[in-house]
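There are 2 protein chains.
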Amino acid sequence: MTGDVIALESVYAAAERVAGRLHRTPMVEAETLNERFGGRFTLKAELFQKTGSYKVRGILNKVLTLTADERARGVITLSAGNAAGSLAWAARAAGIPATVVMPAGAVPAKVEAARAYGAEVVLAEGDLLAAYEGLRDERDLTAVHPFDDPEVIAGAGTVGLELVADRPDLDTVLVPIGGGGLISGVSLVIKRLLPSARVIGIEPIGADVVSRSLASGIPEKLPTARSVADGLAAPMCGVHTLAHIQQYVDEVVRVSEESLVEATRLVMSRTKLALEPAAAAPFAALLEGAITLRPGALTACVISGGNLDVTTVLTS
Amino acid sequence: MTGDVIALESVYAAAERVAGRLHRTPMVEAETLNERFGGRFTLKAELFQKTGSYKVRGILNKVLTLTADERARGVITLSAGNAAGSLAWAARAAGIPATVVMPAGAVPAKVEAARAYGAEVVLAEGDLLAAYEGLRDERDLTAVHPFDDPEVIAGAGTVGLELVADRPDLDTVLVPIGGGGLISGVSLVIKRLLPSARVIGIEPIGADVVSRSLASGIPEKLPTARSVADGLAAPMCGVHTLAHIQQYVDEVVRVSEESLVEATRLVMSRTKLALEPAAAAPFAALLEGAITLRPGALTACVISGGNLDVTTVLTS
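Chains as they are written, first to last, in the working numbering: chain U, 2 to 317; chain E, 2 to 317.
If you are wondering where the hints come from, they were derived from the structure by calculation, not from laboratory data.
No residue lacks a Cβ here, since even glycine has one placed at the ideal position from N, Cα and C.
What you were told as hints is all true, and nothing was included just to trick you.
Quick list of in silico lysine to any residue cross-link-like pairs, SDA-like style, CA-CA up to 25 Å:
id	chain 1	residue 1	chain 2	residue 2
1	E	Lys51	U	Met28
2	E	Lys51	U	Arg271
3	U	Lys51	U	Ala110
4	U	Lys51	E	Thr33
Each pair of labels, with its calculated beta carbon distance range:
id	chain 1	residue 1	chain 2	residue 2	range
5	U	Glu36	E	Gly96	16 to 22 Å
6	U	Asn35	E	Glu121	25 to 31 Å
7	E	Pro169	U	Leu130	51 to 57 Å
8	E	Ala94	U	Arg22	41 to 47 Å
9	U	Pro98	E	Gly21	50 to 56 Å
10	U	Asn35	E	Thr293	44 to 50 Å
With the hints as constraints, model all of the structure from the sequences given.
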């Protein structure tokens with residue numbers, strides 16, 4: 002099974018479909034990061050997006066393309082967090098019931114957010130994917146994959162459209178990678194509209210399913226995927242996402258847990274953005290010296306979300 | 002000894018003096034806080050100010066009004082943190098040497114920031130005020146009080162000018178109180194320009210020197226002033242700040258440490274702003290039910306700074 006890449010027109014259609022329902026997030030300049038890393042950075046602040054993450058772009062787009070019958074059956078997804086909150090929010094907006102399967106160890110605030118938006122949350126102790134597939138089939142629910150779906154990828158691509166519109170001078174885009182949905186949409190748009198720009202993805206060493214899939218050429222699964230960047234701990238790569246990453250992404254870099262923690266604190270202290278560790282992945286790679294910046298060139302980093310576990314803040 | 006209130010013209014002069022050197026910070030809307038507290042809130046995002054705090058407004062204004070002789074002697078201040086970083090930054094901008102006396106328990110990032118901006122940091126184990134006065138006299142340095150100075154208050158007042166310009170429909174302004182510099186400048190401006198608006202201050206129970214000073218009618222000192230909101234743990238009220246607060250502030254509310262921690266986490270999770278606990282004080286008061294909002298009215302909260310101790314983030 003191989004996936005086809007989506008058409009740029011699908012991203013334009015997604016942008017039109019979600020317009021007015023989501024925020025057009027700002028680009029944030031960060032002089033102190035420029036000094037620290039010797040580059041020129043601009044941050045796409047998706048942590049200010051509805052539900053606190055870019056994820057809602059793709060999920061809402063998908064929900065809005067469902068047929069009346071698919072909606073009537075109710076929707077289900079599996080997620081460590083941000084897709085759960087996004088589906089709960091999008092389903093509520095569409096007036097349909099949502100079920101989300103989350104790992105038992107998910108960040109409590111993400112579980113609460115999904116519940117607060119009205120979803121039924123099912124916490125899975127063991128195999129997340131098996132729990133999700135079982136429930137989906139048993140209840141005949143409409144599956145909304147958290148990333149491996151053309152409409153979800155098209156929605157994520159709207160981040161790329163805004164990047165290009167706001168900073169057509171960008172040279173490099175750094176994108177966190179979980180299952181690859183965000184970078185699939187963004188890289189497609191960047192390579193079509195700004196072909197000379199680089200797109201580099203970053204994933205945790207402990208959840209490096211995309212690197213493994215690129216090496217083997219097929220979408221891999223991981224028995225366990227763990228990271229402090231819970232938003233990046235996808236246990237599988239997608240058919241569709243692998244196809245996009247193979248075609249459009251220049252490089253995928255793996256980062257350590259230590260770098261992710263340090264990067265989160267660094268970016269938070271310098272920018273005053275309460276980003277989640279997934280969103281700091283580009284700076285983890287920079288801390289490790291894994292990315293070479295082109296002198297004077299503009300680097301855009303997608304700050305993918307801000308659903309941080311705040312119960313750790315001010316503990317001592 | 003009593004202090005006179007400053008003239009509104011001093012605030013306009015400060016605004017002109019610092020223009021172009023500091024950020025005009027944005028107002029941030031926060032729909033989820035509106036839902037949580039049943040009000041209409043707008044946040045003055047001073048955490049995005051240069052040095053990460055409103056404090057630099059007053060300190061820079063003061064430094065820019067010093068005589069050539071006062072500058073040549075070098076400047077000194079005492080601070081739990083934000084005035085230290087602000088003076089270090091402003092002195093560097095003015096090309097003069099700075100010394101800052103900080104408590105030994107200051108947030109490490111605040112100490113590092115002062116050093117990074119080029120100041121000599123002296124950590125005081127015991128009486129902060131005594132250490133500061135001793136060093137000031139011994140070295141014949143020019144004193145820059147962190148809050149109890151007409152020019153520092155005038156600089157803080159520029160926050161009020163921007164509030165009025167951006168949201169002339171505001172009904173209530175909630176302002177964190179340490180030694181009272183911020184609320185002195187802001188309340189003066191609000192009461193002169195929008196006389197029907199309320200100004201309410203919030204200070205920690207463990208550092209309630211302004212409440213005590215209002216009760217006694219003279220500027221009090223505290224043997225110890227401790228709070229998780231380190232930015233509010235001033236051990237003394239000022240002569241000038243007390244005069245402004247007596248004349249212009251409607252009410253001062255005291256909040257618990259527990260509420261400050263809860264409010265910091267709540268506001269961070271809802272707004273994705275990495276605010277420091279001092280800045281969350283208005284929401285601590287709201288959590289305690291200590292402030293009654295007028296139905297439908299707009300409440301502005303000054304998010305005074307973002308120099309959070311990020312080493313606590315992602316610990317578990």
